[in-house]
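Participant: When the count follows our numbering, it moves up by one through the sequence shown with no breaks and lands on 649 for the last residue.
These are computed hints drawn from the structure, not numbers from a lab.
As a list, the in silico DSS-like pairs of lysine-lysine whose alpha-carbon atoms are at most 27 Å apart:
1) K578 with K562
2) K461 with K451
3) K520 with K451
4) K520 with K390
5) K416 with K580
6) K580 with K432
7) K520 with K631
8) K477 with K315
9) K578 with K631
10) K477 with K416
11) K451 with K432
12) K598 with K368
13) K520 with K432
14) K562 with K631
15) K461 with K416
16) K553 with K368
17) K313 with K416
18) K598 with K553
19) K315 with K416
20) K390 with K368
21) K477 with K313
22) K580 with K631
23) K416 with K451
24) K416 with K520
25) K578 with K520
26) K390 with K461
27) K477 with K461
28) K390 with K451
29) K432 with K390
30) K520 with K580
Ranges of calculated distance between the beta carbons of each label pair, as one might list FRET restraints:
31) G413 with Q475: 16 to 22 Å
32) K390 with E518: 28 to 34 Å
33) C545 with K432: 36 to 42 Å
34) Q433 with L366: 19 to 25 Å
35) Q437 with K562: 28 to 34 Å
36) D558 with K461: 57 to 63 Å
37) Q437 with P369: 29 to 35 Å
38) A622 with G551: 24 to 30 Å
39) R611 with E555: 23 to 29 Å
None of the values given here were measured: they were computed from a predicted structure. By construction, the Cβ of each residue, glycine as well, lies at the ideal position given by its N, Cα and C atoms.
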Amino acid sequence: MGDIMRPIPFEELLTRIFDEYQQQRSIFGIPEQQFYSPVKGKTVSVFGETCATPVGPAAGPHTQLAQNIVTSWLTGGRFIELKTVQILDRLELEKPCIDAEDECFNTEWSTEFTLLKAWDEYLKAWFALHLLEAMFQPSGSGKSFIFNMSVGYNLEGIKQPPMQQFIDNMMDASDHPKFAQYRDTLNKLLQDDAFLARHGLQEKRECLQALPARIPTSMVQGVTLSTMHGCPPHEIEAICRYMLEEKGLNTFVKLNPTLLGYARVREILDVCGFGYIGLKEESFDHDLKLTQALEMLERLMVLAKEKSLGFGVKLTNTLGTINNKGALPGEEMYMSGRALFPLSINVAAVLSRAFDGKLPHFLFRWCQSADYPRYF
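Model the full structure from these sequences, guided by the hints.
Facilitator: Spelled out as structure tokens, the structure:
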């Protein structure tokens, strides 16, 4: 597998979708039989937006490219957390930086793309998903997915002009020339009756030809804050306050599994069969403590209510571990795989008890397969 991400130009992306579906009844290698069909009348509400399923990809390299976001939608992902962006968007990363065997570890920073390239990918995916919904979902069913923006890693970086431009364009792209360009490209394609006939879309002609003008210019109403391990509590709270007060965004803050403390994390990993995962107790000393987190969350919940916005937590960030496998460079690697799930659930239980079940929204993140009967 190559380590270079290759964007697909928007018109070529549309051509690939239509041609592959016509010739093979698949899109990006996913057969039509595996396309997810939402259950009629079942939706999930997140901060005033609705989506058809409560699952989707967490921010990561897999949500950096438009075609990957499309494949997530095809297989049922409807809450889509876009790849985290930051001001340092031209970092040279030592490779390999991801070890996907079993637990999943990484040593990477974000982001693989510049801010402009990342935004362009999200915009292409935004148009593509609206198109796919018009093609495959019943008329009048409404948008079934949510884009959630993810930003990091400190307030100083977030306030820099390139990051401000990125955030503002995610919130409202109406004045951006790329939005007009992609709308015109899509409109030209769908106004071609011969094209629609060739792809068997005559019955949806009216709906499809009206689609480009209906695509919203706002891609996000919410943001997830991602911070580095060891980020000071006051910095985390300051960024959340900035998003709520200055940007008017519904806000999730990503918390660390280290909230449980070293002894509890070690115990959970050992009991669940992950005793071979090495931890450094001192790495827990630099992270946000549970008492600090509870006080911070209480203040932010009050602020969000005052601003008539939503606030919640994402559980959890990766877990810093000893790099004892030799597959990745450096002394430390970060775990995001199946061993993270029992830690995330335990953090959720602690927070839920502390707030008497009143913490409004939880997002869970981990990397593993999920079977349909268990989660739906």
